[in-house]
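In order, the protein sequences belong to chains A, B, C and D.
At position 208 of the first sequence the residue is numbered 208 (my numbering), and the sequence of numbers has no breaks.
At position 172 of the second sequence the residue is numbered 172 (my numbering), and the sequence of numbers has no breaks.
At position 184 of the third sequence the residue is numbered 184 (my numbering), and the sequence of numbers has no breaks.
At position 39 of the fourth sequence the residue is numbered 39 (my numbering), and the sequence of numbers has no breaks.
Because the hints were derived from the structure by calculation, they are not lab data.
Note that the structure is predicted; figures quoted are calculated from it, not measured.
Check each hint, because a few of them may be wrong.
[What the hints assert, rightly or not] Just some of the chain C residues that point at chain A, by a computed CB distance under 7 Å:
| hint | residue |
| --- | --- |
| 1 | L68 |
| 2 | E72 |
| 3 | N118 |
| 4 | L130 |
| 5 | I131 |
| 6 | K135 |
| 7 | S138 |
| 8 | A139 |
| 9 | I140 |
| 10 | G149 |
| 11 | L153 |
| 12 | G158 |
C-beta atoms are modelled at their ideal positions from N, C-alpha and C, and glycine is treated no differently.
There are 4 protein chains.
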Amino acid sequence: MDRFIRTDLAVELKEDLDKEECLDGVSLSSYMEYGVVVSKIKVKNKAGAKLLGKPIGNYITLENKELLQADESIHEQFVQVLYNNLEEMIKDAKNILVVGLGNRDVTPDALGPYVVDNLFITRHLVQEKLIKDTKILSAISPGVMAQTGVETLYILKGICKEVKPDVIIAVDALAAREPSRLNTTIQLCDTGISPGSGVGNHRLSLNEETLGVKVIAIGVPTVISVTSIISEAMEAMVNELSTRKDKQYEMDFDEREKYDLVSRLTSPELATMFVTPKNIDESVKRISYTISEAINSFIEL
Amino acid sequence: MDRFIRTDLAVELKEDLDKEECLDGVSLSSYMEYGVVVSKIKVKNKAGAKLLGKPIGNYITLENKELLQADESIHEQFVQVLYNNLEEMIKDAKNILVVGLGNRDVTPDALGPYVVDNLFITRHLVQEKLIKDTKILSAISPGVMAQTGVETLYILKGICKEVKPDVIIAVDALAAREPSRLNTTIQLCDTGISPGSGVGNHRLSLNEETLGVKVIAIGVPTVISVTSIISEAMEAMVNELSTRKDKQYEMDFDEREKYDLVSRLTSPELATMFVTPKNIDESVKRISYTISEAINSFIEL
Amino acid sequence: MDRFIRTDLAVELKEDLDKEECLDGVSLSSYMEYGVVVSKIKVKNKAGAKLLGKPIGNYITLENKELLQADESIHEQFVQVLYNNLEEMIKDAKNILVVGLGNRDVTPDALGPYVVDNLFITRHLVQEKLIKDTKILSAISPGVMAQTGVETLYILKGICKEVKPDVIIAVDALAAREPSRLNTTIQLCDTGISPGSGVGNHRLSLNEETLGVKVIAIGVPTVISVTSIISEAMEAMVNELSTRKDKQYEMDFDEREKYDLVSRLTSPELATMFVTPKNIDESVKRISYTISEAINSFIEL
Amino acid sequence: MDRFIRTDLAVELKEDLDKEECLDGVSLSSYMEYGVVVSKIKVKNKAGAKLLGKPIGNYITLENKELLQADESIHEQFVQVLYNNLEEMIKDAKNILVVGLGNRDVTPDALGPYVVDNLFITRHLVQEKLIKDTKILSAISPGVMAQTGVETLYILKGICKEVKPDVIIAVDALAAREPSRLNTTIQLCDTGISPGSGVGNHRLSLNEETLGVKVIAIGVPTVISVTSIISEAMEAMVNELSTRKDKQYEMDFDEREKYDLVSRLTSPELATMFVTPKNIDESVKRISYTISEAINSFIEL
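This is chain A alone, in the form it adopts within the complex (with noise of 0.2 Å):
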């Protein structure tokens, strides 16, 4: 059934493999750092990206449920871990572009403008001499196609052409499948991004092929869609009642099954729906803080 619950995190596709069919295609290590929790997928080959649904490359996901806390120090770890974590992608690249995709006016949609705000720009500084010997930082936040009419892609290709960048970090906020996983995860992967899949419209993808740079992805799941919330429900009832010791049932649906009934259960309406915590302002802005200070921390002054 999960096979068609949206989730753009890496971590929630590998829950539903098991181990047995990920040996050569698909393989994960986890580990502590700094009170956060580092999980690193890494997609191998063909089969694995068929397996997981997500190309070869790299993905890593950062969690702590204190993250949602204003604790400072907390935000502090995160900072440092993220930073790490995108050096080792980044590498020597020395111009960066920062991408904040999404819609400033959807509060859940808002991460990627809001880190965009929040950045240390250099670019046009370094050009008029005033500093030097440091990264060149420049950003942008498109908008959407509702918005611009323009698909992301192209508005991007022709900054591109301007800018020159070595990289690409594309922000952009995502669905999750797991309430808990809500502003507490950020995922971090090289292989790109599409703009909008986080709540479900999806756009021309922006990486390496497409743009001629590598893009760096960073990503934090702040809803959840209708779809998943229901199936899962459905999922559990399915199991709640074949446990039932009174009587039994054999719950045989097949995928197609389970899939024409969600579909039927969500009304078009609750399609353009999404499920979002009560404090996702305040909780989107944190979180977009962390971010651009872990970027802003490649700006050595």
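With the hints as your guide, set chains B, C and D onto chain A.
Only chains B, C and D this time, still in chain A's reference frame:
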């Protein structure tokens, strides 16, 4: 099962009752006015109150799917219909205090504060003799407990002591069960309100009994509770299964079992979340403007 | 003295010229339309451009003090007059790109982004064949140098390459000299714009020469520069003193002296500040909505 | 001339007095603490009050230009120094009510509401026995007259009746005369406050006399009045002229003449405007966060 599905709309609670049981306790009449569907529910006595789960009084619902559109004309129609029904409840009250309930930092809960933001306040102008021959309009957005640490009721008691209003209009965001009703429905009632009930945390009620002045409540459903979504899904699934030709199930859940099941399926995190449309920001702003205009119509200059 | 007082309004620059010197270079005509004062300045040749300090072209000013009011009717009149004058400049252009210049986090500079927020974008709908027989509207709020590190001109070049607009409408906040003009005046011109000039930091110009497509600029004065305020005060004081009956002063400052004096009186901090009305937030929101409506009027559905 | 230049800062008013006249009425002491310049002005008696134009009491100013920077460390220093001085005034008060004065929709006036937004409110948690052994913190942002139609004083009287605070901390935006002081100075005093004075519209004062409880005021200058700018410019010009070698002027304006002149030079529109930095939005947000942290430091958990 519906008994424990969270909805603040009398019209949705009414749907769960069969005609017979209503006969003497609850009456319903509907008609069209300026393209708006007006449903008037009257809770006539204690029996009706127990049946519907709402105090004795009048509950008016204005509905039109078009309210989701930016179309000016439909908003002018709503303003007119809302004004007409408000006038009937306000009668010849001259001194009106509007209370914008909810948390302006949580978009779906910001309806009340937004309405207050757009009011044409006259009380100070009348007192300073700058205008006359008009109704006296004052307003406050007291904020929620988590922001103030003080019960809204007690904040209002102090203000009432000073303002001595003839009537209070309390505006708040509500929860609905039916997705298509979000931001397309305005509920008006003359029985007061429980601040924050729309998002699940009950406060001391605001009504004639507690404040010594008639409290008219204007509410708009902006969210659906996750419990409601899950319950509806399970209902549907139960029906689905029991109608399957191939095998027969006897799904004889009683209320209690259903309640326990849904509770178990709803994780603590989920319980604090809500379901809301992507464009909630825009919808709440637009509808709050409609409500403000209706109230401002009482100010003849 | 006025030569160095910062104003972006052609109509204010014109006030400093005496009729004679204008004769062949600059022409002015005014009339009333729907209760809006329309002033049309035509810079006819190089001489006129030098005289007025504005490129050869047409500068149209729409003025009405009532624009400060929330009154709907006056806004509808402005929408109509603005639409009429825009149509004359746009002619039969079918593919329109709107650029919202300025910084949305600095209220008096947020006009451009606010206008874009309220546009009815059609480009993606037309491309997806969801609508047809309408003008193609796309838009972008590129942000300012301090936010992006990239010249607005270069961001737009890339977008133009993709969108291939027939005309660009660039919206920006301006600086005026006369307080009564703030948020009551809309300037329209067909000679392009210098982003951010309204708040003092010049950028590469946006015009047919730099972008290869006609650029129509819509601007609204939202601030007065402190230099302007001080200069005006000194002017007035000089007049005051020199007209005093009791004693005679010969205040023979030449331009240079005046310039030096004002410069000395203006501390570095002051130079980065601006003068703006208390209700700037509300005014900018309202007038941006008026401009959006005028542009949206080109979309017939 | 300075007598009628609008400033809310005791330290600026003090600058206009010569040492002698202060001797018995007003005392000033300054020192450095954690890199913050602390100036303590004591108005000792009626004579001093008349001289300074401020009630008898203590006025503490914390200054450091670095406060304009995003630099964390300087903010931590301010938090510490502000906390120390607050503690001295609050003494062993256990029940604290914070009042965020001003209009959150007018950026330079939003300091108070922003501070309240970031407080860690405990009153309801203590009442619900969720926490104990901590100070009781409650807060309200009552809004301004134009928004509520009710005097802030009367809104607070009602709340005090319920909350019975031992002390009130009122936070408000102020006006300064010296540009370099905007958003770099925090004024603390134990004599209460006049809401809105910072932007020119006086309200009934909030102090022990009117509220029956000690009122500590925290203010930050966020604007300069246009009158102040013009007066300063004229002052400078007068000096300029009278020191010119080439000719002699006797600029013997008396206070009255100066007042009339500035009044004439200040158009009605100008009188309602203010001078503020471009990045006011960011500055007010940052400094409000600093003040919130200092107040939150009273909550030991």
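Going back to the hint list, which numbers does this structure go against? 1, 2, 3, 4, 5, 6, 11
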